[in-house]
Amino acid sequence: MAQATEPLLSVKNLSKRFPVGKNFFGKANKWVHAVNNVSFDIMPGETFSLVGESGCGKSTTSRLINRLITPDSGEIIFDGQDIAKISAKEMRPLRSKMQMVFQDPYGSLNPRMRVQDIIAEPLLVHTKMSPGERLKRVHELLEVVGLPPTHGERYPHEFSGGQRQRIGIARALSVNPKLIMADEPVSALDVSIQAQVLNLLRDVQEQYNLTYLFISHDLAVVEMISDRIGVMYLGTMMEVAPNEELYSNPQHPYTQALLSAVPIPDPTIEKKHVLIEGDLPSPTNIPSGCPFHTRCPHATEKCSAEVPPTIEVKPGHFVNCHYPGREL
Amino acid sequence: MAEPLLEVKDLRTEFKRGKKDWITAVNGVSFSVNAGEIVGLVGESGCGKSVTSMSVMRLHNKLSTRISGDIVFGGKHILELSEAEMQSIRGNEISMIFQEPMSALDPIMRIENQLIEAISLHNKELSKDELHKRCVSALKLVGIPEPEMTLRNYPHELSGGMCQRVMIAMAMSCEPKLLIADEPTTALDVTIQAQILALMEDIRNKRNTGILMITHDLGVVAETCSRVIVMYAGNIVEEAPVKELFSNPQHPYTQGLIESVPKLGRRVHRLPSIPGSVPDLAAMPSGCRFAPRCKYAQASCSEALPKLVKVAENHYAACPFHTNARKEA
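Protein chains in written order, with the UniProt record's numbering: chain B, 1 to 328; chain F, 1 to 329.
If you're looking for bench data, these hints aren't it; they were derived computationally from the structure.
Hints may contain errors.
Said to hold, decoys possible - Simulated pairs of lysine to aspartate or glutamate, DMTMM-like, Cα-Cα distance not exceeding 20 Å:
# : chain 1 : residue 1 : chain 2 : residue 2
1 : F       : LYS263    : B       : GLU6
2 : B       : LYS272    : F       : ASP202
3 : F       : LYS263    : B       : ASP218
4 : B       : LYS272    : F       : ASP10
5 : F       : LYS263    : B       : GLU140
6 : F       : LYS140    : B       : GLU277
7 : F       : LYS263    : B       : ASP227
8 : F       : LYS307    : F       : GLU85
Stated by the list, open to error - Just some of the chain B residues that point at chain F, by a computed CB distance under 8 Å:
#  : residue
9  : ILE86
10 : SER87
11 : ALA195
12 : MET224
13 : PRO265
Claimed, not checked - Derived DEER-like restraints, expressed as beta-carbon distance ranges:
#  : chain 1 : residue 1 : chain 2 : residue 2 : range
14 : B       : ARG92     : F       : PRO241    : 55 to 65 Å
15 : B       : SER304    : F       : ASN205    : 34 to 44 Å
16 : F       : ALA329    : B       : GLU206    : 30 to 40 Å
17 : B       : LYS314    : F       : MET284    : 34 to 44 Å
Built from N, CA and C at the ideal position, the CB exists for glycine as well.
With these hints in hand, go ahead and build the complete structure from the sequences.
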């Protein structure tokens with residue numbers, strides 16, 4: 001990383017709630033609190049990952065950042081500009097700087113378009129290239145992601161899941177973005193293919209000096225790809241730490257429980273699982289204070305009454321807990 | 001040693017495609033499951049692991065499927081039974097749980113009625129009261145805290161983990177000898193997955209049920225199974241006790257699979273990966289089906305399909321160039 005002093009993306013106190021249910025007058029009376037006061041920075045050239053279980057708000061966070069939805073409050077500073085409240089028209093040119101890679105390689109490619117047209121579409125929107133230049137660029141990109149340029153003539157159904165994900169990556173790379181947001185890019189793929197795609201993401205990051213916001217529920221994948229990690233639970237950021245620090249020294253009881261629950265593909269390791277009781281509470285009715293207190297073994301009255309402060313336990317390691325560092 | 005609970009011999013399952021074409025999804029698979037044993041059946045999508053389990057339950061459409069070989073369960077040859085005889089085995093002696101707990105339950109029936117439907121099918125003599133008691137005890141077995149309340153709920157009122165518990169309760173309600181679990185935790189979050197896996201082991205210990213655990217997750221296999229069968233493109237490529245398989249994998253595919261999984265605590269910059277992708281069922285390479293992706297492949301590999309050979313005690317691999325053989329050479 002070259003003198004990365006300014007973050008490429010800085011998210012401050014971001015919140016979003018969605019209405020569910022309406023009263024007699026058509027006014028919403030129940031809300032899903034999808035994202036609550038989330039803050040983090042992403043430095044240029046680094047991979048920042050959001051992990052958490054389903055419904056924790058990690059995907060909503062990425063949709064807020066590329067403004068597919070508008071946040072209720074908070075700031076999103078991308079490349080020096082606050083984009084939290086700008087109009088769709090103002091947002092459009094910025095989209096060439098932030099591209100998405102999606103989870104479902106079957107749903108995210110138009111089945112009626114040829115692969116070369118799919119990859120060229122961002123170029124059509126964001127550049128003034130001639131058709132010949134676009135095709136040349138498409139052929140370059142196909143080669144970068146490890147597909148023969150002749151495959152551009154084909155349609156998506158002719159490709160396997162892993163190859164489609166490569167096409168999705170080529171499309172994201174087409175406009176030379178600074179930030180790539182990858183929402184569960186490998187969770188729909190088989191393990192042997194998953195490794196290929198993770199390696200490809202690594203390679204293109206080094207080649208084009210890309211910054212990633214990586215979203216996943218798989219802690220082992222996140223450990224492989226990330227520089228820094230944020231753990232989310234019910235819309236709240238629980239812990240942010242550099243990769244090694246988080247895995248070797250988790251401070252939040254939720255992070256500890258999450259790490260302990262991951263099955264290890266090595267039967268010689270006798271692992272003691274610390275099972276946390278109960279299910280995720282509904283996001284329409286988030287527990288008061290610390291959202292994890294209903295399942296936390298250390299919870300006290302303070303946890304249900306007060307929202308825990310953000311404590312910096314070590315430089316760069318932040319945790320939102322009243323009693324950080326207690327062993328489960 | 002006692003008779004195995006389930007023995008599958010040379011199972012071949014073919015599906016009709018078009019008017020005359022048949023494609024082979026399972027190509028001569030043999031294995032057994034003992035009582036009280038958890039056997040893992042692993043492989044990537046399209047390897048035939050689910051088709052194998054559906055064949056054991058005889059759930060395939062008869063008109064478009066051809067099944068050959070022999071499946072012996074409790075002394076009965078399953079493939080020769082009539083539909084009525086099969087019906088008395090399904091759910092009663094062999095049960096199955098599926099990947100999607102939310103969609104496997106009927107959304108417009110209360111949990112109690114769904115459980116009663118499963119129980120009364122095989123126990124017609126039970127009274128209403130007795131059925132209710134059976135339902136309560138079934139839910140207690142799977143660790144549901146307030147069974148009386150849960151019985152009155154509809155599936156949408158329960159979380160994914162609770163639905164899977166109900167599915168397991170339903171599957172266990174007639175005390176089957178064999179439980180087939182097809183990706184039981186794939187749709188669940190890790191903390192819930194850990195709860196469900198612990199529950200399945202607990203049931204095995206209490207009831208001495210044999211469990212065939214179908215999964216693609218090597219972590220789940222390593223933690224729950226005692227023996228593992230690895231499938232690739234319709235064939236078994238390796239079978240071994242779990243510790244042996246992970247510490248000493250013999251087939252190049254198993255090796256590649258184990259290496260390509262990112263592991264907690266082992267930080268690597270790049271993951272070793274298996275090049276290429278799984279071949280299409282309709283266009284299988286001749287000979288060893290893994291040969292086009294295998295780094296040890298030789299000309300002879302594409303000539304004949306390798307048979308499972310014994311490489312160590314209880315350890316079989318379908319590759320003439322398995323690790324031990326390569327070490328000797």
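Checklist entry - Going through the earlier hints one by one, which of them does the structure break, listed in rising order? => result Violated hints (numbers, rising): 1, 4, 5, 8, 9, 10, 17; every other hint is consistent with the structure.
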